[in-house]
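Once you've looked at the hints, dock chain B against the given chain V.
Line order of the protein sequences matches chains V and B.
Here my numbering is used: the first sequence runs in plain steps of one and ends on residue 705.
Here my numbering is used: the second sequence runs in plain steps of one and ends on residue 233.
I should point out that these hints are in silico values taken from the structure, not numbers from a laboratory.
What you are looking at is a predicted structure, and each value in this text was computed from that prediction instead of being measured.
Where hints are given, some of them may not hold.
Unchecked claim - Covered stretches of chain B, as calculated for chain V (at least 3 residues, CB under 8 Å): (1) 82-91; (2) 108-117; (3) 197-205.
Ideal placement from N, C-alpha and C gives every residue a C-beta, glycine not left out.
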Amino acid sequence: MGSEVKVVKSVCRMCHGGCGVLIDVKDGEVVKVEGDPESPISHGTLCGKGLASAQLVNSPLRLKHPLKRIGTRGKGRFQKIGWSEALDIVAGRLKETKQKYGAESVVFAHGTNRDYLHFVHRLANVFGSPNVTSPGYVCYYPRVGASIITCGGFPICDYDHDPSCVVVWGCNPVITNPDEYKAVKLCKVLNRGAKLVVIDPRLTRLASRADLWLQLRPGTDSALALGILNVIIREELYDEEFVQKWTYGFDKLAQRIEKYPPEKVEEITWVPASKIRMAARQYAEVKPACIHWGVKIEQNLNCTSTIRSLIALMTITGNLDTPGGNVLYPSPPVARFTEFMLTDRLSPEQRRKRLGGDEYKLASMGSVVPPMLVCQAILEEDPYPVKVMVVFGSNPLLTWPNAKKVREALMKLEFLVVADLFMTPTAQLADVVLPVASWLEYNDVAAYFFRGGYVLARCKAVEVEECWSDHKIINELGKKLGYEEYFWEDVDQYLDYLLKPSGMTWEELKEKGILQAPMEYKKHRKKGFSTPSRKVELYSTILESWGYDPLPSYVEPPESPISRPDLAAKYPLILTTGGRSPVFFHSEFRQIPWLREVHQYPMVEVHPETAKKHGIHDGDWVFIETPRGRIKQEAKLTIGIHPRVVHAQHAWWYPEKAASGYGWSESNVNILTDNNPPFDPCVGASNLVALLCKIYKAEEGKA
Amino acid sequence: MTQYALRIDGERCVGCHACEIACKQENQIPPGNPSWIQVFQVGPDQVGDKLITNYVPTVCRHCRKPQCMEACPVEAITKREDGIVQINADLCIGCKACIEACPFKAPQYNAEKNLVGICTLCVHRVEKGLKPSCAMHCQARAIYFGDPVELDKLLGKEHTANRFKST
Numbered sequence: 003m004g005s006e007v008k009v010v011k012s013v014c015r016m017c018h019g020g021c022g023v024l025i026d027v028k029d030g031e032v033v034k035v036e037g038d039p040e041s042p043i044s045h046g047t048l049c050g051k052g053l054a055s056a057q058l059v060n061s062p063l064r065l066k067h068p069l070k071r072i073g074t075r076g077k078g079r080f081q082k083i084g085w086s087e088a089l090d091i092v093a094g095r096l097k098e099t100k101q102k103y104g105a106e107s108v109v110f111a112h113g114t115n116r117d118y119l120h121f122v123h124r125l126a127n128v129f130g131s132p133n134v135t136s137p138g139y140v141c142y143y144p145r146v147g148a149s150i151i152t153c154g155g156f157p158i159c160d161y162d163h164d165p166s167c168v169v170v171w172g173c174n175p176v177i178t179n180p181d182e183y184k185a186v187k188l189c190k191v192l193n194r195g196a197k198l199v200v201i202d203p204r205l206t207r208l209a210s211r212a213d214l215w216l217q218l219r220p221g222t223d224s225a226l227a228l229g230i231l232n233v234i235i236r237e238e239l240y241d242e243e244f245v246q247k248w249t250y251g252f253d254k255l256a257q258r259i260e261k262y263p264p265e266k267v268e269e270i271t272w273v274p275a276s277k278i279r280m281a282a283r284q285y286a287e288v289k290p291a292c293i294h295w296g297v298k299i300e301q302n303l304n305c306t307s308t309i310r311s312l313i314a315l316m317t318i319t320g321n322l323d324t325p326g327g328n329v330l331y332p333s334p335p336v337a338r339f340t341e342f343m344l345t346d347r348l349s350p351e352q353r354r355k356r357l358g359g360d361e362y363k364l365a366s367m368g369s370v371v372p373p374m375l376v377c378q379a380i381l382e383e384d385p386y387p388v389k390v391m392v393v394f395g396s397n398p399l400l401t402w403p404n405a406k407k408v409r410e411a412l413m414k415l416e417f418l419v420v421a422d423l424f425m426t427p428t429a430q431l432a433d434v435v436l437p438v439a440s441w442l443e444y445n446d447v448a449a450y451f452f453r454g455g456y457v458l459a460r461c462k463a464v465e466v467e468e469c470w471s472d473h474k475i476i477n478e479l480g481k482k483l484g485y486e487e488y489f490w491e492d493v494d495q496y497l498d499y500l501l502k503p504s505g506m507t508w509e510e511l512k513e514k515g516i517l518q519a520p521m522e523y524k525k526h527r528k529k530g531f532s533t534p535s536r537k538v539e540l541y542s543t544i545l546e547s548w549g550y551d552p553l554p555s556y557v558e559p560p561e562s563p564i565s566r567p568d569l570a571a572k573y574p575l576i577l578t579t580g581g582r583s584p585v586f587f588h589s590e591f592r593q594i595p596w597l598r599e600v601h602q603y604p605m606v607e608v609h610p611e612t613a614k615k616h617g618i619h620d621g622d623w624v625f626i627e628t629p630r631g632r633i634k635q636e637a638k639l640t641i642g643i644h645p646r647v648v649h650a651q652h653a654w655w656y657p658e659k660a661a662s663g664y665g666w667s668e669s670n671v672n673i674l675t676d677n678n679p680p681f682d683p684c685v686g687a688s689n690l691v692a693l694l695c696k697i698y699k700a701e702e703g704k705a
Numbered sequence: 067m068t069q070y071a072l073r074i075d076g077e078r079c080v081g082c083h084a085c086e087i088a089c090k091q092e093n094q095i096p097p098g099n100p101s102w103i104q105v106f107q108v109g110p111d112q113v114g115d116k117l118i119t120n121y122v123p124t125v126c127r128h129c130r131k132p133q134c135m136e137a138c139p140v141e142a143i144t145k146r147e148d149g150i151v152q153i154n155a156d157l158c159i160g161c162k163a164c165i166e167a168c169p170f171k172a173p174q175y176n177a178e179k180n181l182v183g184i185c186t187l188c189v190h191r192v193e194k195g196l197k198p199s200c201a202m203h204c205q206a207r208a209i210y211f212g213d214p215v216e217l218d219k220l221l222g223k224e225h226t227a228n229r230f231k232s233t
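Isolated chain V (complex conformation) (with noise of 0.2 Å):
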């Protein structure tokens, strides 16, 4: 007779996360992961990559020990440490290294983070380095950044107040559950019949289902916003008794969008004029309407401005803090984040060495680098040198922009530690690489990042070998570094001290499972926006007072067929990237076999008449090649693009190709996209989803 299967209810962390499951457990194993018909979040469901969970926390690659390099880097050998000498090692070369060059030559970097980033963040406050790079430069952070500054918190579709009509912009939230959102309420939505708007340049079953599906040019995002905001304006479709009473600088902005005329932006956009005014007059008039907005919005050098020109939308419209529009939760009562980052603890001529501080304010706001300006430090030693980076779940070669250079930067550092679940390919570049626990292994105040008013309890299920959690890493290295007092005896004391304004202990939350905070609709109406008007700010009093345009605008990326025709002519196709696949969440679940086997090899999206043009065939294996260099991906036609442009898959590379590096470059997706500025002027957004590249086909076949 075997043993009793134990089940542990927790919180799913494949992507953000969030979702209810039910882990089996036997003999100290996890056997099963299933949906929580009890969650309040995702109601039972989930989807592949969580119900693929016992395949990552049970799978034999896993990093199960400490490691230390052996030989020169990037041979990917490696000898077996134990915890003590791995920490002793990191702690004695990160206190060199201060002394030597100065705390902010150590950059701290992770990855989407799995509900750890404060502690990386108190670290580095407490160590003194003001640089913590991330994606958060194009991810999550410049729509939290420019909403705050714009309405004072984070406008999040009400679903569950049935919104009349949905606008989908730059996301295909079926397929990926971004931050606050689970597919579930959306589609539940829709299957009620509301209105559906898509925003995007490919067709996702999204816009198959959408009553309208604009498809633009990538990169366009911000003049489509402001033609919408044009017809909305000029046809006066607005809620003007909440313009008159909660906006400030409506009159300017409707001077501004005088320059963005539906037959101008179609010009700009590829988008029919008569489709910008349907897709006004179905947002204005349908009530209530929320924007589901997602990452793609922010990845080119319109991203602060597409995003307010979104948020002016939800309130010209009178759909911002109203139920089934979008609206501002409160935050649950538990630590505040800068709190709990220590925000002030890094001194105030430290923070102003923060790479890019000056130029890119809105992103030091939220203590962001973005990391291009990180390669350029170890490069150049532009504005000083960066010698060592620690990385805590997080794949630059294959997520940061321009993957050649970022390898040479990786190979020029004087120390470099990589904590994660699998060595990777950066990993494979480490000194000192450290193995990671999966989300199944231990207790978490879950969701702490988001802003959809809850924390969630994730229970710890299994243990395995010498996996810690990112958190306990750090708490322990924090110890070592000398800042005891910083730090908990134990890394579970962090639960009560996270959950202490909630009055609530962690033993609580875990037989409770969610803290929410009560929702409040239009708060406005008793204490106004959290900005300096007291209004949401379509005219940006904070933009103004940092130097940038307090309006938003369209500015033409700068590797398109109309700014660079001299390039145009050897790429004329235009490259938009990182479509997101169901079975992955960006460079992770390659090496899982339920996920893999869904999804293969990297897809490159290309219309059959360009196709034909070119000599390819669907499934052939393509070469996509920009100025920065070539990849190979397998071709899928589709109608569901532009002829002229191609959408390619990001993040991927090849767990089975150990011994040559994981295939880091032969499918990566930024080997083809550029470093260099033009930035967005307030956030540093880099361009990812407008290049200009050209297609041909690999005669020597498969990846």
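Frame of chain V; chain B shown alone:
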């Protein structure tokens, strides 16, 4: 006796493949072998002035008169009183006659074991009062479980009301 079946609203399906993985986990189908439910993409095709992509999940319909059962040379396939069609792995010889006979090509051949498998409607879950795993996990709520006659009625109604109808 209560009858059981799955019905799928293809217009709701978003093509996320979660049902496939749910099925593999629940029924312990090892990597490299096909799931008993499979989602196929159809399109995008030009329909009027719109481009339409559909996803078509294929799964055993536990037919009233299963043609697979008639085709099986070794009588490995039976239909239970509650409507569930089953393949007895001890009798199956892997000849694939059932796959040929099935209008939906729902049975799946497992080369490793030289056996054909079909959706069991997660009978082990159903007997505990649970829904089949694919139906429970579907975020788009595209998979229905219950009495086939009732489901057909319900889906017929939903479809007339469904604004996403592509044809």
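Status of each hint after checking the structure:
1. 82-91: holds (count 8)
2. 108-117: holds (count 6)
3. 197-205: holds (count 5)
The structure agrees with every numbered hint stated previously.
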